[in-house]
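Chains as they are written, first to last, in our numbering: chain C, 1 to 313; chain F, 1 to 291.
A few chain C residues that face chain F, going by a derived Cβ cut-off under 10 Å, partial list only:
# : residue
1 : E78
2 : A90
3 : R102
4 : S164
Calculated from the structure, these hints are not laboratory results. Just so we're clear, the structure is a prediction, and the values are computed from it rather than from any experiment. Positions of the beta carbon are idealized from the N, C-alpha and C atoms, including for glycine.
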Amino acid sequence: MNPILEVEKVGRRFESPGLNPLIAVDGVSFKLASGETLGIVGESGCGKSTLARMVLKLLAVSAGRIRLDGADITDLPEAQMRPLRRGIQAVFQDPMSSLNPRMRVRDIVAEPMRAAGIDAATREARVREMLSIVGLPADAAERYPHAFSGGQRQRIAIARALASSPKLVVCDEATSALDVSVQAQVLNLLGELRTRYGLSMLFISHNLGAVRYIADRVAIMYLGRIVEIGPVGAIFDKPAHPYTEALIAAVPEPDPDLPIPEALLGEIPNARERPIGCHFHPRCPKAQDRCRVEDPALVAGNDGRQIRCHFPN
Amino acid sequence: MTAATQTTRYPIDGWRLVLRRLARQRNVLIGGAIVLFVVFVAVIGPSLMMHSPEETDLFNPWSPPTAQNPLGTDKLGRDILSRLVYGARVSLLVAGAVLAITLTVAAILGMIAGYMGGRIDAFLMRFVDIMLAFPEVVIAILIASMIGSGVLTVIISLALVWWPGVTRLTRSFVLVIREELYIDAAIVAGTPTWAIFLRHLLPNIAAPLLVRASVGVGFIVMAEATLSFLGLGIQEPVPSWGGMIRDGLPALRTDPYLAIFGSLALGITIIGFNLLGDGLRDALDPKLQGR
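Whole structure, please, built from the sequences with the hints as guidance.
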């Protein structure tokens, strides 16, 4: 059986005159099986949103291939992409910006169905159904987005994403703009819907807790590359890459007796001037001479994970 | 965070708020009253007049104001008040037509340029720059003198000089909207580009565009008067304020009423539109306040 989504050595660079090219994403490969959720984690600027935009074909790739359900969509013109679009939907970060303020909720939720050529009566029934599934009152359909709170708006966005019965949903920081208590609600809703409809999900977030809760596998990105990818349980319990380890250690524990974790030093380097050798070595507590000259490859570990490190834990 | 972004992103947040802001502006009230009056005169006025604007009385030229001719008569004995009132209709008709043509063209081209970007955008905007490099009224005069005079000529030539500025304005609105996530969401939903223009771009640029464009109505009225004054616009016997001022000018020392009342009508109307337009812009577009 084909994977729902296959990303093969995908890269994206942004050229600007007089500067080195900005390498936002570099040689990222993964497969997403049917019903599987892959979490993608990394600091701001590590290329995870760029990757999401390329998967959604909002941005052209500079290198590599993207296959959706076995079909290569990398260079597909938008006119031929449109019929496939109902199968791949998205929930974006900021529900203030992702809903058109001049459209009624009904028309917002119905938009993917309308584009797919579904008739008005079916759309109307489905809008009611979706609103009740995401926990909004039926009269929400008549209102405009400004009448709703951030969490409710994100529910509207989720209703829109699922209205056309997609197989794959890309969540780009779908919970980051929400209050913590609302984050949990939205996360639960996403998890529930994924199980109910057997969705595959690409869950992009910098929130490790959310990823651990919802994802089956997780990919850690650093400076446009995957540095570690594998099953959530294995990676969170025994991070092999020093960067993964530092990320997980940085999550504060709700116990005042535990020592405050040591923060990772420095900042993510400029993607126009990436360090020679391992990209992580300037911040790595275990960096050795080899790390400063030799760029490690992504190699398979023993428990289904892949690691990009010369000296993994 | 949300409150701040909302006021900047959505210039209009509810009619009640808009009305409250409008009521606080004395300029809007004064401008609005003048514009309402001019519109009222243009619509109702001609049917209330004792004289037809084209009715001549060769035995009563250059009459000062009398009970029979409240504002006097011109060199052919035509009633100045009737001609002013009818002239309001002509001025508003021209301004309305120019605005309608301009907004339609500008909305289409501005959305194409702003949304598509790249070469189409560069080409359209360079053309707009060229058009904007010439003084507007000078081009209008040139065009009007090439295609002959008349109401249609005035409308066409003014629309031709007005669309570049409004197009650029539209494009700037579109550039902001294009960055909104709901445009990405629409693309992901599979919505065709024309529908994105119609359902997402247009409704979000319409209100600010209309307001900003209506600031220009006063200038259109003036440009029409300028063309008519120069004899390139509205032709006799159809009355126009510009033409009346021209006809009154030679007799300014002896019989000044025609020139004075024509100028007053034109001046008050322009001031009214400008006050209203500026006030609307300030009330609906808080971002632009103080600029």
